[in-house]
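2 protein chains.
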Amino acid sequence: MTIARTSIFCLALAGLATAAVAANHSDKAAMAAVEARKAQMKLIAYHTGILGAIAKGETEYDSETARNAAMNLHAAAGLARGTMWIEGTEQGAVGDSRAKAEIWSDPDGFAEKFTALETASGEMIDAAAADLDSLRAGMGSVGQACKSCHDTYRGPEN
Amino acid sequence: MTIARTSIFCLALAGLATAAVAANHSDKAAMAAVEARKAQMKLIAYHTGILGAIAKGETEYDSETARNAAMNLHAAAGLARGTMWIEGTEQGAVGDSRAKAEIWSDPDGFAEKFTALETASGEMIDAAAADLDSLRAGMGSVGQACKSCHDTYRGPEN
Numbered sequence: 115m116t117i118a119r120t121s122i123f124c125l126a127l128a129g130l131a132t133a134a135v136a137a138n139h140s141d142k143a144a145m146a147a148v149e150a151r152k153a154q155m156k157l158i159a160y161h162t163g164i165l166g167a168i169a170k171g172e173t174e175y176d177s178e179t180a181r182n183a184a185m186n187l188h189a190a191a192g193l194a195r196g197t198m199w200i201e202g203t204e205q206g207a208v209g210d211s212r213a214k215a216e217i218w219s220d221p222d223g224f225a226e227k228f229t230a231l232e233t234a235s236g237e238m239i240d241a242a243a244a245d246l247d248s249l250r251a252g253m254g255s256v257g258q259a260c261k262s263c264h265d266t267y268r269g270p271e272n
Numbered sequence: 115m116t117i118a119r120t121s122i123f124c125l126a127l128a129g130l131a132t133a134a135v136a137a138n139h140s141d142k143a144a145m146a147a148v149e150a151r152k153a154q155m156k157l158i159a160y161h162t163g164i165l166g167a168i169a170k171g172e173t174e175y176d177s178e179t180a181r182n183a184a185m186n187l188h189a190a191a192g193l194a195r196g197t198m199w200i201e202g203t204e205q206g207a208v209g210d211s212r213a214k215a216e217i218w219s220d221p222d223g224f225a226e227k228f229t230a231l232e233t234a235s236g237e238m239i240d241a242a243a244a245d246l247d248s249l250r251a252g253m254g255s256v257g258q259a260c261k262s263c264h265d266t267y268r269g270p271e272n
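Protein chains in written order, with this note's numbering: chain A, 115 to 272; chain B, 115 to 272.
Treat the hints with care, as some may be off.
One copy or two, it doesn't matter: identical chains are merged, so the pair holds either way.
Unchecked claim - The calculated SDA-like cross-link candidates involving lysine to any residue, where the alpha carbons are at most 25 Å apart (straight line), are: (1) K170 with A215; (2) K214 with I200; (3) K152 with R212; (4) K261 with A143; (5) K156 with R195; (6) K214 with A230; (7) K142 with K156; (8) K170 with D220; (9) K227 with E216; (10) K156 with G209; (11) K170 with E216; (12) K152 with G166.
Keep in mind that the hints were calculated from the coordinates and are not lab data.
Could you build all of it, start to finish, from the sequences and the hints given here?
Right, here's the structure in full:
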């Protein structure tokens with residue numbers, strides 16, 4: 115009886131330990147996914163910033179730089195989301211994530227927002243390479259795509 | 115004479131102020147470029163880590179996840195370098211950069227290293243999608259590309 119009880123206790127303990135290890139493993143993966151998304155957003159913001167500074171006349175227009183910035187913005191926007199936007203990484207669940215739960219409850223809506231940025235940044239590649247006026251004309255839809263997604267799927271500052 | 119001296123003093127002061135603003139502006143741009151590169155490296159490391167965990171059997175093989183990871187690795191490796199690897203951002207010159215000055219004194223050598231990662235990660239896309247053995251077979255050249263570039267062009271920890 116004592117042995118049986120001890121065994122049950124040990125099994126329960128082992129179960130808890132396994133759960134803790136699994137949770138820890140999963141937390142690490144969730145944290146890493148959030149960090150990867152932040153890197154994606156950093157690259158999007160950085161290259162949008164380069165284009166924005168050119169559009170505002172703060173930086174001199176240079177066709178090659180502008181085209182490279184648009185290509186990188188497009189590449190960052192077009193990253194496959196499955197590896198980074200994983201379930202259980204919404205705001206409140208892990209680290210300083212600001213991703214709203216709606217990203218996972220409304221995947222089509224979220225995909226639509228990202229597609230808008232992919233389209234706008236794709237069109238920006240030729241526009242940015244062409245001349246300053248074309249670059250300026252393309253900034254609106256890039257900025258709108260950023261804002262529209264943030265308004266809907268980004269939570270408040272932590 | 116006093117007016118002339120004051121004017122010269124004022125001109126000198128204005129010159130210093132302009133230089134300071136320019137330096138500040140340029141420092142900010144240099145810091146932002148280093149942060150963007152770190153984001154690029156983060157995305158490369160994150161997706162290599164996903165593939166590595168699958169290769170080691172720590173994560174179950176899944177064709178779609180593996181392919182997405184390889185695609186994102188390839189996209190991050192293939193970003194246009196002109197916007198981020200800008201002159202004056204070598205180790206010691208700005209923030210916690212670990213980029214060796216040789217990146218700019220030997221651009222062809224540096225490009226060759228990055229091209230090796232682009233090639234290895236490009237080949238990994240189909241390999242990762244195919245099956246676990248193919249993924250495992252492709253890990254060597256990905257890891258070798260990372261190591262080879264770091265050995266030559268990354269400075270010691272700060």
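Hint by hint, here is what the structure shows:
1. K170 with A215: neither (35 Å within a copy, 32 Å between copies)
2. K214 with I200: Within. Shortest intra-copy distance 12 Å satisfies the 25 Å Cα cut-off; inter-copy 35 Å does not.
3. K152 with R212: For K152 and R212, both the intra-copy (10 Å) and inter-copy (21 Å) Cα distances are at most 25 Å.
4. K261 with A143: Answer is between; shortest inter-copy Cα gap is 24 Å, intra-copy 28 Å.
5. K156 with R195: both (15 Å within a copy, 15 Å between copies)
6. K214 with A230: within (19 Å within a copy, 38 Å between copies)
7. K142 with K156: both (21 Å within a copy, 15 Å between copies)
8. K170 with D220: neither (36 Å within a copy, 34 Å between copies)
9. K227 with E216: within (12 Å within a copy, 41 Å between copies)
10. K156 with G209: Classified as both: same-chain Cα gap 17 Å, cross-chain 17 Å, threshold 25 Å.
11. K170 with E216: Answer is neither; intra-copy 34 Å and inter-copy 34 Å both fail.
12. K152 with G166: This pair counts as both: shortest intra-copy Cα distance 20 Å, inter-copy 21 Å.
In this structure, the hints that do not hold are numbers 1, 8, 11, in rising order.
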